Amino acid sequence: MVQKPNTEFQAKQARLIHSIPKLSFGKRLKKDLKKNWVVYVIFLPVLLYVLLFNYAPLFGLVMAFQDFNVLKGVFGSSFNNFANFKTLFFRDNFGIVLRNTAGMALLNLTVGFIVPVIFALLLSTIRHKRYKRVIQISSYIPYFISTVVVVALWKEFLDEGGVIANFLSWFGFRNQNWLANNKVPVFWLINTAIDIWVGFGYGAIIYCAAIANVNPNLHEAAAIDGAGEWKRMWHVSIPSIIPLVVTMLTLRIGTVFLQGFDKVLLLYSPSIYSTADCLTTYIYRIAFAGSADYGVSTAAGLFQSAIATTLLIISNYLNRKITKSSLF
Amino acid sequence: MNKFSTSLIILLFSLSLFVLTSCMDEEILADAAHTYKIWLANSEDSSYYSDYNENVALKYLNTLKFKGRDGKLHHVHIEVETGITGEQEKFFNTMIATGGWKEYDYIDYSFSSYSVTELYEAGIALDLTDYMEEWLPNYMNWLQANPDYARTAANIVNGERRYLTLYSYHDDVENWGGFVYRRDWVLKYGKHPEGSPKAGQPFTGGFDENGTWNDDITFPSYYTELGQIYKENIDPEWDGTCPVFISDWEWMLDIFSTALKEEGITDGYCTTIYYPGYIGTGDLISSFGGGGVMFYLDEEANEIKFGGTSEAFNTYIKMMQIWYKKGWLDKKFAEHTSDIFYQVDMKTTHSGKAGMWYSNISSLFNRLEKEIAPATKGIYVVAARQPINDVYGEGKVKFSKDNIFTPKVFYNTSKEFSGGIFTTAFKETGKDIECLMSVLNFLNEWETEDGSLPGYLLNFAGLTKEQYETVAKPGDMYDRFGLTEGSYFVKEDYSDNGIKYKTNPIIGSNDALRNPSTLNRIVGGLQGPLDKWKGEEDHQVQHEWGFYINSGYLLRSFEGQLGSNISKKRNSTFNDIEEYLEQHVPMMIKGDDATFDREWANIKKYINRLEYLEEVLEVYNQLLNDLS
Amino acid sequence: MHEILVKAREEHYIPPEKRSNKYHGGMVEHKSWLGVLYTVILYAFMAIIILICIVPMWHVLTSSLSDGSILLFKKGIVWWPIQDSGAESMFNWGGYKLLFRNRGIWSGFLNTFIYVAGSTTLGFVLNVIGGYTISRKSMLSRPLALMLVLTLMFHGGLIPTYMVIKALGMVGTRWALIIPGCTSGIFMVIMANAFRNVPESTIEAAEIDGAGHFTIMFQVVLPQSLSIATVIILNTVILHWNSWYPASIYVPTKRNLWPIQLWIKEILAQNQPSSFLQAANPDYNKYLLQYCVILIASLPVLLLFPLFLKYIEKGVIIGGVKE
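Chains as they are written, first to last, in the numbering used here: chain E, 1 to 328; chain L, 1001 to 1628; chain U, 2001 to 2323.
Take these hints with a grain of salt, some might be off.
In silico PhoX-like links for lysine-lysine, alpha-carbon gap of 25 Å or less [as the list claims (entries may be wrong)]:
#, chain 1, residue 1, chain 2, residue 2
1, L, Lys1377, U, Lys2097
2, E, Lys155, L, Lys1347
3, L, Lys1261, L, Lys1326
4, U, Lys2310, E, Lys129
5, L, Lys1332, L, Lys1261
6, U, Lys2097, L, Lys1473
Some chain E residues flagged as far from chain L (calculated, every beta-carbon gap over 12 Å) [unchecked claim]:
#, residue
7, Leu44
8, Ile164
9, Leu249
10, Gln259
11, Arg320
Sample of chain E residues at the chain L side, in silico, Cβ under 8 Å [claimed, not checked]:
#, residue
12, Asn177
13, Asn181
14, Ser269
15, Asp293
No lab work stands behind these hints: they were computed from the structure.
This one's a predicted model, so the numbers in the text were calculated from it and none came from an experiment.
All residues carry an ideal CB built from backbone N, CA and C; glycine is no exception.
Okay, chain E solo, but in the shape it has when bound (with noise of 0.2 Å):
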C-alpha cells in the first residue's frame, strides 16, 4: 500500500514526485484499480444505471444516418448517410428556428440570468426578518406549479384583456393578444419572463446562502464610513459573490440550448412560428406531427446535442480557467 499523504503540502508533493517518472499509463492503472477496486464496485449499480437507460438506447442515434422505415425498425432500415442533414439543413425555415433559438437562449443567458442575482441582493438589503421570509417563501411558489399549469395561467393572462394585457395597455401598448403577435422579441420576451418568473426566487437561494456569508465585518466597516446601502452593496455584496456568479454563467452557457424549451410547445401557434419556432419545437413537429419522420428529426437532435456538447465543454473550459474549478 502506498503511504497516504498527510497534508495538502504533502499530497502535492506526492502527486509532484508521482508525475516525475510518469509511469506508463496502464500501470498507473493498474495501481489505481488496486488502490481502488472497492470505490468501482460500489459504482457499479450506478453504471449499470446509466448504460441501461441513458447509453443503451443511444443505439437510436443511428437513425439520424437511415431512410428509417417503423415498420422495418432501426435493424431493418436502410442507410441514406447525411441525406437527413442535408433534409434538415436546407429546408426552409431551419434558419429561421437556428436564429429563435439563439435569441431565446441569449435572452436567458443575459435577463434570465442576471435577475435572481439581482434579486438575491436586493433581498439582502432587507432589514425586517419577518418580511424577508415572506418575501422568499412566495418566490418559490412559481417553481412547484407544473409546466402545463403555468402555461394555462400565462395564456389566460396574456390573452386580449388579460392582466398582463392590461397592464401592458397603460404604457401606451394595444391591447392584445400577446402570444399572437409575430413581432421579434415579442415571443422570447414572453419566453424568459416566464422562465424568470418560475425559476428566479429558487435560483437565489444560493446567491442569498453566499451573501448571508460574507463578513459582516465588512459591511460594518463600510456603513461606519458612511456607506449607504447602495454603496454597500456594490462595493461589499457585490465583489464576494462574483466568483460564484461566474461559475453559475458558465455553467448554464453550457445547458443553455437544452432547457427550458419545452413550454414553448404548448404556448406557440402556427401564426408565430417566425418567431417562436425553436429546435425542441421543429424537432417535436418533425417526429409527431403526422409525417412521423423520425430519420431527420433524430439528426435534428444530434444537432442540438453537439451544439450543447460544444458549449457545455467550452464553458467547461472557462470555468476551469477562472475559478479553478471544474465539473468534470
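Take the given structure of chain E and dock chains L and U to it, following the hints.
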C-alpha cells in the same frame, strides 16, 4: 414530523384500500381463446366512467355468444383499452414501431400515420379478403347496397383487391354540421332588399304564441338576373328565403355589423373562420368552383387535383382579406388554434355575439337561449347552404350566365367514418379471431329474420330496458344518468314514418350521452338513424346543409390505399404544405395588398419547390384509374 | 459550483460568537432621507414581487369556487369568488364535487405517491453512490464524471428508449415510472462537487477509525452536504410530482397506473368549453374543473415545501460552519 408521517401513512393506506375495492373484477364467462383485447383511439369523458370496460353496453356484449371458428357459439370477453386524448398518434406510432400491436387483436386505425397497405405489407394488418363472405356477411351486404363506398373499401395490393380495414359506415347521410347564421338579427336589423315589392321596409315576423318561428325575409340575389339563373338551373324551388350567393352573405354580414353596433356588443364579430384562415377540406373554397386546399377529386375531369395554388383558393383568400378589412371577420380568428373547425370560439358564438359561423347542430334554432348570456335572448339560428361566389374574381371562379357551377368539395356528408384493422397477432396466440369477426358482424347487422333487435342498435343506440336489466349494477353509467329505462325504446306501432326506435329523451336533450351509453366508439360497426330528424325545422337543416353533394373530398379509405413507398412522401408533402399555409394565409388575410401578393408568390414558390408533390399526384391519379 | 460557494463562505465566514452585534442586532444606523426613501421603495417593490408570485394561484383558488357560467365570460383576475346575484353561498363547490366524483383522481394520487417515493429513494441512493465515487481522487473519477455529464447531452429518442425499457420487461408496470427517470447524471456530478468540499482530514480520520466506504458515504460526507442533497431530493420530488409524459408512453392504456398529472391532462382535454357547451343544458361547473385540478395538484407540494426549506437553510448553515 412524526405526526405528519403517521397521517401520511394512514392517508396512503386508505387511498390504496379505496383503489383496490373499486377495481373488483367482473366474472369472465369466456375462455382464453375468446378473450380479446382491442384498442380504441377515443376514450370517454371520465365523468361517465374512467375505464371503457365499465361501458354498460360492452358489458352486455360480453354476456352474448357468438359463432367461433369451430362453428359453435362461444362467450366472448372483449377488453377495451383507449388512447389518451391528444396523445393517440404518438401512442399508435410507438405501438407499431415497437411491436406493441401484438397485444391487440383489433386496432382503431384513425390516428395512424401509415396507410393500411403499409401496415399490411409490414405484416401487422390481417388480410380479411378470405374471411369476408363467411364471417362478415352483414358488412359485405351493406357494401353491396352502397357501391360508391364499396369501390374504396378494399385496397389494391399488387393488382389484387384485398379487404384490410373494417370501416364504420353510417347508413343515412346525416349532416351534422355546416354554416349557420343569426336569422333573428337579419329580421330585426335588415330591410327588404332592392327589387322586392316591399323594398326598403323592415322585415316582419318572429316567434308566435306557440313558439314557432315565422318571417318574411328574402335575400337580395333573388331579385337579380343571376338569382333567376340559379333558380332555373340549380334549384327551382328556391324562393329567396335563404341565402345562396356570396353577395347574399355580404348583405347579411353588413346587417350583422349594424346589429353588433346596435346591441352594443364589443367582443363579438360578424363571422369567424377556422384558425388557418380556411377549412382545409374545401367548404368555402369550393364556393369558388375549386376544390380543397389539398388533394381533391374533380369528378367531371375524373382527375385528382391539387388546390393549394389554384385561382379559386387565391380568390377565396382575397375575399377573406376584404372581409377582414371591412371588419366583418373576427380580428382574432388566427388565435383560436386549439379549437376544432366546427367548434371555433364557442365562447363567443354560443353566447350570441356572432352573426355567422361554422357549427354542428348544437347551435341551431333557439338552442343557445340561456339565461346567463343576455345576447342570446330571442336568438334564432338557421342553417345555410354553401354560398356560390358571384362577387369576386373573374372567369371560372365566378358564377355567371356562362359559368354555372355548384360547390362540390366539403368534409360533410360522407357515410364513411374511421375504421379498424384486425392484427395478425392471433397467429401466435391462437385466439379464435373468427369469433371476434362474428362480434363485429353482429354490430353491422341491419335486419333480423326473426324480428329480434338487430345488432347495429347495440352499436348505435345502446340498450333497451330489458337488455340493461341483465347487466345492471347500482352506480353504473345508466344508473347515474337516469337511463335505467334503457337508452332507447322500441315503439309499439310502426306507423310513424317507419321509425321503430325512439331515443330516450334524456339522450335527446344531451347528445354527449350517446357515445358513453353505446358502443359507438368501437370502430367498424354500422350506424343508422333513429328518430333524430323529424321536426320541420330539422328538415330545413338537412335540406340546406345537404343541398349540394360532396363529390370531391377524398375518403379516408381512398387515402389508405397508398403503398409504403409513396405514403411517407405524401405525408411529408401534406405536412409541409399545411404548416406553410397555416403561417402564411393568415398573413395574407390580415395584410395589405402588397403583403397579399408577396405572400401568395411565396406560397406558390414554396409549393412548386416541393420534391414529391408531382409524384404524389401521379400516384393518386393512377390509383383512381385502378379503382374505377 | 457548490465548491465555490463554500470557498466564498470559508473566506468570509465569521462564527456567530465573534460577529459584531452592531450590524445585525439592529444598531442605530445613521440613516439619511435617501436611505429611508430607498427602504420604502424597496419594501414596496418586494410587496409587488410577492403579489406577482401569489396572485396567479390565488386567481386559481377563487376561480375554482366561482360560478362557472359567469366565470366563462369574465376576463382578468378573479379577486374573490364571483357568484350569481341570487346565490345562497359565497363559494360554489360544484367543481370540486365533480372532480372528486372522478375515481381516477384518487388512484392517481396514490400512484403519484408511489412513484415519487420510489424514484426519490432509489435516485437518492444512486446519487450518493455515484457522487461519492467520482468525488474520490482516483484515475477513473474524471472519465466517469464525463460519462455522466454526457447523458445530459445525448438522448437516444423515444422509440429506442421504449425498446430498451420493453426489453427489461418494465413496459406496462409501475417500474417503468420509478426506475428509468429516478436520477440524472447532473445530480451525481453536483453531489460529487459537494462531497469534494468535505475536508480530506475528516475522511481520513474516519478511515483510520476503520470506517468502510458506505459508512463514510452516509455518515461522514453526506451529513456535511445536506443542503445540496436536499435541493436534489426536492428537485426529484417536484420532477416526479409534475410528470405525466413517461406515463403517457409506458402505461398509456393502464389507467389504474396513471399518475395524477396524466388524469389532470385527460380531464382538462375532455372538459374544454367546446365539449360541454354543446349540451342543451351545459353543466358550467365543468368549466371550473380546470381550476380545481390545478389547485389539487399543486397543493401537496406547496404544503410539503416549508419542510424542505427548513432543511435547505439548515444545510446551508451547517455547510458554512464546518472547520
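Hints versus structure:
no., hint, result
1, L:Lys1377 with U:Lys2097, "violated (31 Å)"
2, E:Lys155 with L:Lys1347, "holds (16 Å)"
3, L:Lys1261 with L:Lys1326, "holds (14 Å)"
4, U:Lys2310 with E:Lys129, "holds (15 Å)"
5, L:Lys1332 with L:Lys1261, "holds (18 Å)"
6, U:Lys2097 with L:Lys1473, "holds (22 Å)"
7, Leu44, "holds (29 Å)"
8, Ile164, "holds (15 Å)"
9, Leu249, "holds (35 Å)"
10, Gln259, "holds (22 Å)"
11, Arg320, "holds (41 Å)"
12, Asn177, "holds (5 Å)"
13, Asn181, "violated (10 Å)"
14, Ser269, "holds (4 Å)"
15, Asp293, "holds (6 Å)"
Hints 1 and 13 from the earlier list are contradicted by this structure; the remaining hints agree with it.
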